[in-house]
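Following the hints, position chain B against chain A.
Protein chains in written order, with the numbering used here: chain A, 1126 to 1306; chain B, 3 to 149.
Be careful, since some hints might not be right.
As the list claims (entries may be wrong) - Pairs of lysine-lysine, DSS-like flavour, derived with a Cα cap of 25 Å: (1) Lys113/B to Lys1152/A; (2) Lys119/B to Lys1145/A; (3) Lys1152/A to Lys70/B; (4) Lys1152/A to Lys119/B.
Calculated from the structure, these hints are not laboratory results.
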Amino acid sequence: MSELISLDPRGQGKFSILPKGSLCNLKDCTIISVRLSLSYEDGSEATPETGVYIHHLLSFNPSRPSINAIGLCDVKDPATDIGFFNKLLPINLPLAPFTGRGEDGGPVSAVFTSDDGKYGSGFHLGNDDYIVVQSDLVNYNNVTQNVYLTFDYEYVDGFQGVSAIGTLLSVTGTFALLVKK
Amino acid sequence: MKSLAFALLAVAANAAALPDQRDTEQQSAQLTEQQLLRQLTDPPAPVAPWGVTDLISGAYQAYQYLSKVLADAATEFKSGTSIEQVVDHVIPKILPEAKLFHREVLEAEKKVRADGKRAKALFGPFVLSGKNVSAYIRSCELYQLLK
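Next comes chain A alone, as it looks inside the complex:
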């Protein structure tokens, strides 16, 4: 893991990539839902009770474009929205946001379709795609701890339905962006 700057005074920032095809057995797949967490080697979850705090975990698929039709912030002028990254990035770099997690995320999965799963969409993950993970974790213990990035997910084989991505939204409102494919 590559050491990175942390946003927490006691945090430890890292960047890493997941081996290609590791989530879906070296096949193309469509992720329906996913939850990120941290585990120990025996599979038990690393939590604040065990001295580990997730400041944030973010993951991206740099092999596919990010096409986001939704602004991030509650602003009148889209030009002032920090979501302009969502427009600039796909022009310059392929970087489809996958999923993320903060300690306040709880036992909730990100779902890339409707709650009942009837809408035909999901996060398209190719067998040759990388997943980049940016993590900012806090160890409140004075001893070194080994933790494992854990993906608990549901998927179907192949690319199915419309390609969906994850995004952040302001709780106070948002707006639609004009997307040109």
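Then chain B, alone, in the frame of chain A:
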């Protein structure tokens, strides 16, 4: 990426506004108990655990390395190569791979789609050091010693 940008901005601001960490430690040692007490009741802004010199040196080294990787990629690829192909080539050279530690298919009763498959995959290990103690925590410990 946004998070990274914010992190870089936050650290740059921290580094510019605050003295070198070594200076901070020397100043902490000279603080009176009253000053420490005031710090505890009105905690100071978190101090980045690195100095300006380290930051500039690290950024320069990263810049040099990235420049080399991109230059190599540019000579290796012919015109018409997609940005996806270039990114695919560059990423493993600048980011380390987290090994797949364990993957298992789950017999989960709760699924979004009836035809969906549930699985769990663990990657790592991520080694979290136990020695990353901030200047604020150190000042609290110092206060406890002086008390």
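Hints and how they fare:
no.: 1; hint: Lys113/B to Lys1152/A; result: 20 Å, holds
no.: 2; hint: Lys119/B to Lys1145/A; result: 19 Å, holds
no.: 3; hint: Lys1152/A to Lys70/B; result: 33 Å, violated
no.: 4; hint: Lys1152/A to Lys119/B; result: 13 Å, holds
Hint 3 from the list above is the single one not met by this structure.
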